[in-house]
Amino acid sequence: MNPAFEQSLKQAALTTFGEMCMALPSVEITTDQIEAPFEAEVRVGFHGTVKGELSVRLYGTVLDSLAQGMIGDNELMDANLLRDALGEIGNVVCGNALPLIAGEMGKYRLDPPRPALAKDIPLKGPALETKTQVGLDGGRAEVGIHIEGGA
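Under this note's numbering, the first residue of the sequence shown carries the number 1, and numbering increases by one thereafter.
Note that these hints are calculated values from the structure, not bench results. Please note that the accuracy of each hint is not assured.
Calculated cross-link-like contacts (lysine-lysine; reagent style DSSO-like; alpha-carbon spacing at most 27 Å) [what the hints assert, rightly or not]: (1) Lys-131 x Lys-107; (2) Lys-107 x Lys-124; (3) Lys-107 x Lys-10; (4) Lys-10 x Lys-131; (5) Lys-10 x Lys-51; (6) Lys-51 x Lys-131; (7) Lys-107 x Lys-51; (8) Lys-124 x Lys-10; (9) Lys-119 x Lys-131; (10) Lys-51 x Lys-124.
DEER-style ranges, computed between Cβ atoms [unchecked claim]: (11) Met-105 x Thr-30: 35 to 45 Å; (12) Pro-126 x Asp-73: 18 to 28 Å; (13) Gly-125 x Gln-7: 35 to 45 Å; (14) Leu-76 x Phe-38: 15 to 25 Å; (15) Lys-107 x Thr-31: 16 to 26 Å; (16) Thr-31 x Pro-99: 26 to 36 Å; (17) Asn-2 x His-47: 16 to 26 Å; (18) Pro-122 x Glu-148: 17 to 27 Å; (19) Asp-32 x Gln-7: 19 to 29 Å; (20) Ile-29 x Lys-107: 27 to 37 Å.
For glycine and all other residues, C-beta sits at the position ideal for the given N, C-alpha and C.
Using the sequences plus the hints, can you model the full thing?
Pasting the structure below:
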């Protein structure tokens, strides 16, 4: 695990959840957050200066409140809106993380996000070499990345 990549992922996650989702993410993870059940995952492939895949996994009951924070609505979201919000979270975390990991002058193309809720078929993808977590009200987010060739 690359400590610099881990710190970049953590910063990208804190920024995305705080600024886009209007959440209050924390670097501290409680026992309840660690034990929270899997809720959803999104994977985003990227190509360019570096190539690989980023994953955001949510645990607990956080996706609905994150989506509400993004949209500015307090109504419960249907599954399609939750998948859309999850996809956008993946895109933004990836877009925030790549310049921190591979340099601001890099050029990237992101694949369409592949979101999956707990009731969907689990996503498959490469093993993630670097992971980090942030605490969220009601659970946590785990962000991981695979870079081909290890960058």
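Comparing the hints with the structure gives:
no.	hint	in the structure
1	Lys-131 x Lys-107	23 Å, holds
2	Lys-107 x Lys-124	26 Å, holds
3	Lys-107 x Lys-10	21 Å, holds
4	Lys-10 x Lys-131	9 Å, holds
5	Lys-10 x Lys-51	20 Å, holds
6	Lys-51 x Lys-131	17 Å, holds
7	Lys-107 x Lys-51	11 Å, holds
8	Lys-124 x Lys-10	23 Å, holds
9	Lys-119 x Lys-131	24 Å, holds
10	Lys-51 x Lys-124	17 Å, holds
11	Met-105 x Thr-30: 35 to 45 Å	39 Å, holds
12	Pro-126 x Asp-73: 18 to 28 Å	35 Å, violated
13	Gly-125 x Gln-7: 35 to 45 Å	23 Å, violated
14	Leu-76 x Phe-38: 15 to 25 Å	20 Å, holds
15	Lys-107 x Thr-31: 16 to 26 Å	42 Å, violated
16	Thr-31 x Pro-99: 26 to 36 Å	34 Å, holds
17	Asn-2 x His-47: 16 to 26 Å	20 Å, holds
18	Pro-122 x Glu-148: 17 to 27 Å	22 Å, holds
19	Asp-32 x Gln-7: 19 to 29 Å	25 Å, holds
20	Ile-29 x Lys-107: 27 to 37 Å	34 Å, holds
In summary, the numbered hints that this structure violates are 12, 13, 15.
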